[in-house]
Amino acid sequence: MLPTTPQRVGIVRRCADEDAPTMEARRKGRTRGAVEEEVINGVIVKHYN
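FYI, the numbering for the sequence shown is 1 to 49, going by full-length UniProt numbering.
Simulated from the structure, these hints should not be mistaken for laboratory data. This one's a predicted model, so the numbers in the text were calculated from it and none came from an experiment. Be aware that one or more of the hints could be misleading.
Listed next, with one range per pair, are the computed distances between beta-carbon atoms [as the list claims (entries may be wrong)]:
{"#": "1", "residue 1": "VAL9", "residue 2": "GLY29", "range": "26 to 32 Å"}
{"#": "2", "residue 1": "ASP17", "residue 2": "ILE44", "range": "36 to 42 Å"}
{"#": "3", "residue 1": "MET23", "residue 2": "TYR48", "range": "16 to 22 Å"}
{"#": "4", "residue 1": "ASN41", "residue 2": "GLU18", "range": "16 to 22 Å"}
{"#": "5", "residue 1": "GLY33", "residue 2": "VAL12", "range": "33 to 39 Å"}
{"#": "6", "residue 1": "CYS15", "residue 2": "VAL39", "range": "23 to 29 Å"}
{"#": "7", "residue 1": "CYS15", "residue 2": "LYS46", "range": "28 to 34 Å"}
{"#": "8", "residue 1": "THR22", "residue 2": "ASN49", "range": "19 to 25 Å"}
Every residue gets a Cβ at the ideal spot worked out from N, C-alpha and C, and that includes glycine.
Hey, can you work out the whole structure from these sequences and the hints?
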């Protein structure tokens, strides 16, 4: 008999669903961590590494 909630092999939850960040928050956090800002002739230039 199959379980009522399917669980893929190898998936381990790191936090409860209600505590998990949204995809938007996760994406913004990852992008914010890899951005370098530089001012060239008064213009802010962002480098996404």
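The hints, checked one at a time:
1. At about 28 Å, the beta-carbon gap between VAL9 and GLY29 stays in the expected band of 26 to 32 Å.
2. Restraint check, ASP17 to ILE44: a C-beta distance of roughly 38 Å satisfies the suggested window 36 to 42 Å.
3. For the pair MET23 and TYR48, the beta carbons lie near 18 Å from each other, so the given range of 16 to 22 Å is met.
4. The hint said 16 to 22 Å for the Cβ distance between ASN41 and GLU18, and at roughly 47 Å that hint is violated.
5. Between GLY33 and VAL12 the C-beta distance comes to about 23 Å, which lies outside the given range of 33 to 39 Å.
6. Judged by the Cβ atoms, the range 23 to 29 Å given for CYS15 and VAL39 is violated: they are separated by roughly 38 Å.
7. In this structure the supplied range 28 to 34 Å holds for CYS15 paired with LYS46, their Cβ-Cβ distance being about 30 Å.
8. Evaluation of the 19 to 25 Å hint for THR22 and ASN49 yields a pass: the beta carbon distance comes to about 24 Å.
Of the hints listed earlier, those the structure fails to meet are numbers 4, 5, 6, in rising order.
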